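Going down the list, the protein sequences come from chains A and B. With the working numbering, letter number 109 in the first sequence gets 109, and the count goes up by one each step, no holes. Start counting at 1 in the second sequence, then tack on 1000, and there's your number in the working numbering.
Watch out, some of these pointers could steer you wrong.
[To be verified] To be clear about the criterion: a stretch of chain B counts as covered by chain A if any three or more of its residues have a C-beta under 8 Å from a C-beta of chain A, and this derived list gives those stretches:
1) 1066-1077
2) 1100-1114
3) 1146-1157
Derived by calculation from the structure, the hints in this document are not laboratory data. From a predicted model like this one, the values you see are computed outputs, not experimental measurements. For glycine and all other residues, C-beta sits at the position ideal for the given N, C-alpha and C.
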Amino acid sequence: MDIPREHLVDMYETMVKIRRFEERIREIYLADKLPAFDIAAGLIPGEMHLAAGQEPVAVGMRPHLKKGDAITATHRPHHVAIAQGVDLKKMTAEIFGRDTGLGHGKGGHMHLYSVEPNFGCSGIIGEGIPVAVGAAMALRHKGTDNVALSFFGEGAANQGSFHESLNLAALWNLPVVFVCEDNAYAISVPKTASTAIADNSDRAAAYGIPGVLVAENDPIAVYEVMGEAIARARRGEGPSLVEIKTDRMWGHFEGDADAYRSDEFKTEMMEHDPLDTYAKRLTDEGILNESDIASIQQAVYDEVEEALQFAQDSPYPEPEAALEHVFAERTVKL
Amino acid sequence: MTTKTERKLTTQKAIAEAIATEMRDDGSVFVMGEDIGTYGGIFGATEGLLAEFGTERVIDTPISETGFIGAAIGAAVNGMRPIVELMFVDFFGVCMDQIYNNMAKIHYFSGGNINVPVVLTTAVGGGYSDAGQHSQTLWGTFAHLPGMKVVIPSNPHDAKGLMISAIRDDNPVVYMFHKGVLGLGWMTNNPRATGVVPEEPYEVPIGKLNVAREGNDLTIATVGLSVHKALDAAEALTEKGVSAEVLDLRSLVPLDREGILTSVEKTHRLLVVDEDYHSFGMSAEIATTAVEGAFDYLDAPPVRVTTPDIPIPYSHPLEEWALPSVERIVEASSSLLVAG
Chain A
1 MDIPREHLVD MYETMVKIRR FEERIREIYL ADKLPAFDIA AGLIPGEMHL
51 AAGQEPVAVG MRPHLKKGDA ITATHRPHHV AIAQGVDLKK MTAEIFGRDT
101 GLGHGKGGHM HLYSVEPNFG CSGIIGEGIP VAVGAAMALR HKGTDNVALS
151 FFGEGAANQG SFHESLNLAA LWNLPVVFVC EDNAYAISVP KTASTAIADN
201 SDRAAAYGIP GVLVAENDPI AVYEVMGEAI ARARRGEGPS LVEIKTDRMW
251 GHFEGDADAY RSDEFKTEMM EHDPLDTYAK RLTDEGILNE SDIASIQQAV
301 YDEVEEALQF AQDSPYPEPE AALEHVFAER TVKL
Chain B
1001 MTTKTERKLT TQKAIAEAIA TEMRDDGSVF VMGEDIGTYG GIFGATEGLL
1051 AEFGTERVID TPISETGFIG AAIGAAVNGM RPIVELMFVD FFGVCMDQIY
1101 NNMAKIHYFS GGNINVPVVL TTAVGGGYSD AGQHSQTLWG TFAHLPGMKV
1151 VIPSNPHDAK GLMISAIRDD NPVVYMFHKG VLGLGWMTNN PRATGVVPEE
1201 PYEVPIGKLN VAREGNDLTI ATVGLSVHKA LDAAEALTEK GVSAEVLDLR
1251 SLVPLDREGI LTSVEKTHRL LVVDEDYHSF GMSAEIATTA VEGAFDYLDA
1301 PPVRVTTPDI PIPYSHPLEE WALPSVERIV EASSSLLVAG
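Chain A on its own, in the form it takes in the complex (with noise of 0.2 Å):
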């Protein structure tokens, strides 16, 4: 496939980001929780779950994106949301608790959502396939080519409601892209300990839509199978599952001590860092030099530096509006 220079860049630097912000999230997180760990201590209280290294997962579909088009992810949301151009300051104020988050501090980083982009999240495994399938339902009923992407782990492969979603969309014939990432580890069981078969893609073949697998963490090999299995649904054509294989480089959350993979397996993961595969392939393909690197690299830590700073120098909530926000005011026709 002969892709555009601008595409290929763009997956980089937005790659870079999520790195970053996921490696400097990592840092405030645990800055303050060390040597005993305390989750509700710290500037970031609670649970964490960092995407370092399924980066490729949601950059591959960012040059394919059209305004309109709707994604929910899960409880492991920031390379995603990132990806599709969240604002990044009231994200990370929302991370951070703060009044001028997404939420104004009420859902916290497993609860991002956004108007536009259209994003949302759920701390709830298959949670958000379902609601993907609806989003798909309103953006064909507006008569847009918009689409539905749903975001879900392969954990959740197991839970009725990706499958319940599934037939509704091939049923309806929905704009819908499933996109199962595939990190192999539902917290600490193994796909080999929990699923039947070894690919999920093939489980699309039981509703009757195209199931792609994406055997490599590169987002050229997840730009290519998502680049057509978004065309298809905005050409009309129906839903389709992708399932790519990547790699959750750090814990299940942060503090996880992460015993329950091999040191081998590990090790092998790290040196294969997606980013620094993709990064050698720009390089030795004459798309970037050294020289682009680092002024992405700047740009983008900028950037990220800039988001933190912002959610830090944000104020709390004030106490009392936990009580706001649980009901709509009225603004339709008395």
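On the provided structure of chain A, position chain B as indicated by the hints.
Positioned in the frame of chain A, the structure of chain B alone reads:
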């Protein structure tokens, strides 16, 4: 010269009429659920809609409640106003995550930026030997969880007005219709299930109770089919010289606490009738409302007539004994009047 006759409908037809009215007016309203199209809804709440609006807007679904309720949420956050039917409330167990972890929380998580205008309709209630998985009311369970309004009409007039209000509401509204108030030909005949329903669209405000019968000696607060039983009990009590006020709560979320207190301050005695389970539920909430807000007015502790904490039994004598009845309401009222 024309004479305007007062048109009568059953509750079931009033619900369907309300939905049709709003669908004509607003292209974003659509209906989906199991057997809601060709069949018209197992309880008739969507009767006639398919013929008028077609399969694009009246969508029969597979038996896949997580999938289609989740889809209703996705459609709602993207500008639609879905009405989605959970055939029996008892089926909540297969889809409750979508209802209370998702539908009810998105507005809050989004800091008020995203609305979820879903109407979740569902049939509740027993009294016809459908046993423990098709006879529950469970409104206390839903009302306990923040983020959803919960309405329960008891008659055709309120059924239409509450449905129109629910569709126009920007929040998730759980709309519970009691099978015993619908006027279905295959349920025990209930004369109050047919009544005058204005032909034009109108709203019944969500969160305002209705004084179904005025009285001075005690307040009977209830909802759903028990409103009818309370009215029958109030009628029977007049023979004993007792004047009972009957409150049809109509909405549990929001709850018209002020309306309850106003009545209790007048009558000084409160009986709560609740077809839901006894403990940790609606009856305790209403009683507590009176104790917290009108303690000095009460001449006796509030009394409850409820379903005991047992699965709803099948056999007729067992079920009849378990559910609130006119006799139990009369008896409890009589005891309450001599207490204190």
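Consistency of the hints with the structure:
no.	hint	verdict
1	1066-1077	holds (count 12)
2	1100-1114	holds (count 12)
3	1146-1157	holds (count 3)
Every hint from the earlier list agrees with this structure, and none is contradicted.
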